[in-house]
Amino acid sequence: MKILITGADGQLGKEIQNLFVKDGIEIIPYGKKQLDITNRKEVNAVLNQHQPNVIINAAAFTKVDLCEVEIEKAYLVNAIGPFNLAVEAKKMDCRFFHISTDYVFNGEKNTPYEVDDFTSPNTIYGKSKKLGEELVLAINEDSTIIRTSWLYGHKANNFVNTMVNLSNKLDEIKVVDDQIGCPTYTKDLVLILQSLLNEKPGIYHVTNLGKCSWYEFACEILQFLNRKSKIIPVTTKEYGAKTPRPMYSVLSNKKLVDLQIHQRDWKEALHEFLRKEYGN
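The sequence shown begins at 1 in UniProt numbering and counts up one residue at a time.
Among the clues, some could well be false.
[What the hints assert, rightly or not] Across the chosen pairs, the derived CB separations fall in these ranges:
| no. | residue 1 | residue 2 | range |
| --- | --- | --- | --- |
| 1 | Ile-232 | Asn-39 | 41 to 51 angstroms |
| 2 | Ser-120 | Val-21 | 51 to 61 angstroms |
| 3 | Ala-156 | Val-21 | 12 to 22 angstroms |
| 4 | Glu-268 | Asn-158 | 15 to 25 angstroms |
| 5 | Lys-169 | Lys-242 | 39 to 49 angstroms |
| 6 | Pro-233 | Glu-268 | 22 to 32 angstroms |
| 7 | Asp-178 | Glu-268 | 40 to 50 angstroms |
Hints in this document: simulated from the structure, not taken from any laboratory.
Where a beta carbon is used, it is the ideal one built from N, C-alpha and C, also for glycine.
Work out the full structure: start from the sequences and follow the hints.
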C-alpha cells in the first residue's frame with residue numbers, strides 16, 4: 001500500500017510518518033516546499049507519478065490571527081488545496097483523508113458537538129476550513145473528514161511546548177480559563193486514523209477523551225513537570241486575543257465509541273507525551 005502525505009513537515013505529518021511504518025506500507029511524504037497543493041497541475045503530476053492508494057492531507061494554514069490578515073492564503077490552502085487533492089483522488093480511485101478542526105463550529109453550544117451538527121464558524125480560519133470540508137465532500141463523497149482540536153506533538157509550536165518554554169522564563173503565566181475544549185496528542189490521532197483506514201468514509205471527530213479549559217490544561221502540564229511558575233487564570237476578554245476563539249469546542253467521539261475504537265483520556269495521553277518529550 002502506498003500512502004501519500006501532504007503537510008508532511010508539520011507535527012501531525014511527522015507523527016503519521018513515524019507510526020505508519022509497517023511492512024507493506026510505503027510512505028510518500030510531501031512538505032509544503034515539495035508540493036503546492038493549491039496548484040492543481042502540480043498536484044496532478046505528483047499523484048500520477050506515485051499512484052498512491054491513500055492520500056492524507058495534513059497540510060493547513062492554522063495561524064488563526066494571521067488568517068484574518070492573509071485571507072486569500074487561508075482560503076487557498078484550507079479550501080482550494082483540499083479540493084484539488086479530492087478531485088485527483090477521485091480520478092485515481094484512491095482513499096482521501098482530510099484533517100479539519102473544531103473551529104468549523106461557533107462555540108456557542110454547551111454540549112459536545114456531533115459530526116452532523118450545523119457548522120457556523122466565526123473566524124476566517126474556521127470559515128476556510130468549513131469551505132474545504134464542503135468542497136471535498138461535494139466533489140468526492142467517498143472522502144473522510146477528521147475533525148480534531150487542541151493538537152500537540154513532538155518538537156512543534158503548540159500549546160504544550162509553549163507553556164513549558166514560558167515556564168523556563170516567567171514566574172507567572174496568564175492563561176484563558178473560559179474557553180473549553182479537548183487536547184489531542186498527535187500519536188493518539190494517528191493511531192485512530194490507522195483504524196479509520198478500514199472504516200467507511202464520512203466525518204469523524206477524533207480527540208482525546210474529556211474536556212478542560214486552557215487554564216486547566218496549563219496547570220496539568222506544569223504540575224506534572226513540577227514547574228514552579230504560577231498560572232494566572234484570565235477571561236478571554238482580559239487576555240485580549242486579536243481573533244475570537246470558540247468558547248466551547250468539545251467534539252463528540254460517539255462515532256468512534258460505536259465502532260469500538262479505543263480512545264484515551266486527555267490527561268493520560270498528555271502525561272505520556274510529557275514523559276517522552278521532557279523526561280519526567
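Hint by hint, work out which the structure violates, then give me just those numbers in ascending order. Checked against the structure, the hints that fail are numbers 2, 5, 7, while the rest are satisfied.
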